[in-house]
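Student: One-letter residues, chain by chain:
There are 2 protein chains.
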Amino acid sequence: MTNTVKAVQDFYPDDFAHCYGCGRLNTLGLHVRSWWEGDETVARFTPRPEHMAMPGFVYGGLIASLIDCHAMGTAAAAALRTGGSAIGDAPSPRFVTASLKVDYLKPTPLGPELEIRARVVERSERKAIIMATVSAAGTVTARGEIVAVRRPEGMAPPA
Amino acid sequence: MTNTVKAVQDFYPDDFAHCYGCGRLNTLGLHVRSWWEGDETVARFTPRPEHMAMPGFVYGGLIASLIDCHAMGTAAAAALRTGGSAIGDAPSPRFVTASLKVDYLKPTPLGPELEIRARVVERSERKAIIMATVSAAGTVTARGEIVAVRRPEGMAPPA
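If you read the protein sequences in the order shown, they are chains A and B.
0 is the number of the first residue of the first sequence in numbering that gives the first Met the number 0; add one for each residue after it.
0 is the number of the first residue of the second sequence in numbering that gives the first Met the number 0; add one for each residue after it.
Bound conformation, chain A alone (with noise of 0.2 Å):
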């Protein structure tokens, strides 16, 4: 499924696609892919063998990573669909963070697919606030609540 559904991240403009969590054209980057179920946005995502905090469990940095790049795509989906749009009726706006807050719950097991879904709490034309958790073989070990806004005019690639 992951690879057939549309995901928020394929049509983030090329200039904004090099993001190294989920830019489709970062080519060392994690690709982290968000689309809707329902009023849940959904990522699965598999970590590397050298994501590890120590063996056997998974880098809390990277599950902030996950967190912060779906919550962004999040955020970009929930500004698509209010304005009646689906993923990929149109460019996925970007939105940058604010700011990132993750509670680690328990140790998240490194082996499993990890599943990330977000919600979208609070929202206005220029920011979002979004809920998120991490998920290991069916327990949350991570929560995370992030702040989006519209990306600034300023923060674009060179000319």
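Please note that the accuracy of each hint is not assured.
BS3-like cross-link-like pairs, simulated, lysine-lysine; straight-line CA separation at most 30 Å [stated by the list, open to error]:
no.: 1; chain 1: A; residue 1: 100; chain 2: A; residue 2: 126
no.: 2; chain 1: A; residue 1: 100; chain 2: B; residue 2: 126
no.: 3; chain 1: A; residue 1: 5; chain 2: A; residue 2: 126
no.: 4; chain 1: B; residue 1: 100; chain 2: B; residue 2: 126
no.: 5; chain 1: B; residue 1: 126; chain 2: A; residue 2: 105
no.: 6; chain 1: A; residue 1: 100; chain 2: B; residue 2: 100
no.: 7; chain 1: A; residue 1: 100; chain 2: A; residue 2: 5
no.: 8; chain 1: B; residue 1: 105; chain 2: A; residue 2: 100
no.: 9; chain 1: B; residue 1: 105; chain 2: A; residue 2: 126
no.: 10; chain 1: B; residue 1: 100; chain 2: A; residue 2: 126
no.: 11; chain 1: A; residue 1: 105; chain 2: B; residue 2: 100
no.: 12; chain 1: B; residue 1: 5; chain 2: B; residue 2: 100
no.: 13; chain 1: B; residue 1: 5; chain 2: B; residue 2: 126
No lab work stands behind these hints, which were simulated from the structure alone.
For this one, chain A is given, so just place chain B on it according to the hints.
Tutor: Same frame as chain A, now just chain B:
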């Protein structure tokens, strides 16, 4: 100086030296290294070209990762200092992240070496609260607040 100072991560026991962010034994990792400068700890890191949010700017997930590992190192260094030890006098104790909050104050330019500074603001035997900043070319671009706890017994490499 970075290469000659004793960094707290240099003295994590081998079993706990595989972290993607700061493990000296993780050949694919970031190798964050933290040392004292007075009452603050310092780490320096130059992002790789692929560590971008978009061309010209550092990826927020990398910034969260740098703050995370530097804060765990700071908690370990503070535990050593409280016990009367300098970094390297004894194995560094291993802390893990209970929560991580990052405020992205402004875009971080990709190119310059980043400086991560931290300070312990509250500490018990089991736990430390740490404030951190990330600077690029002398400007603070992100601020972190981290809760570190002693590694739980159950979070250990497989025997």
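Student: Confirm or reject each hint.
Tutor: Cross-check of the supplied hints:
no.	hint	result
1	A/100 to A/126	holds (16 Å)
2	A/100 to B/126	holds (18 Å)
3	A/5 to A/126	holds (23 Å)
4	B/100 to B/126	holds (16 Å)
5	B/126 to A/105	holds (16 Å)
6	A/100 to B/100	holds (4 Å)
7	A/100 to A/5	holds (27 Å)
8	B/105 to A/100	holds (17 Å)
9	B/105 to A/126	holds (16 Å)
10	B/100 to A/126	holds (18 Å)
11	A/105 to B/100	holds (17 Å)
12	B/5 to B/100	holds (27 Å)
13	B/5 to B/126	holds (23 Å)
Hint check: no violations occur; every hint is consistent with the structure.
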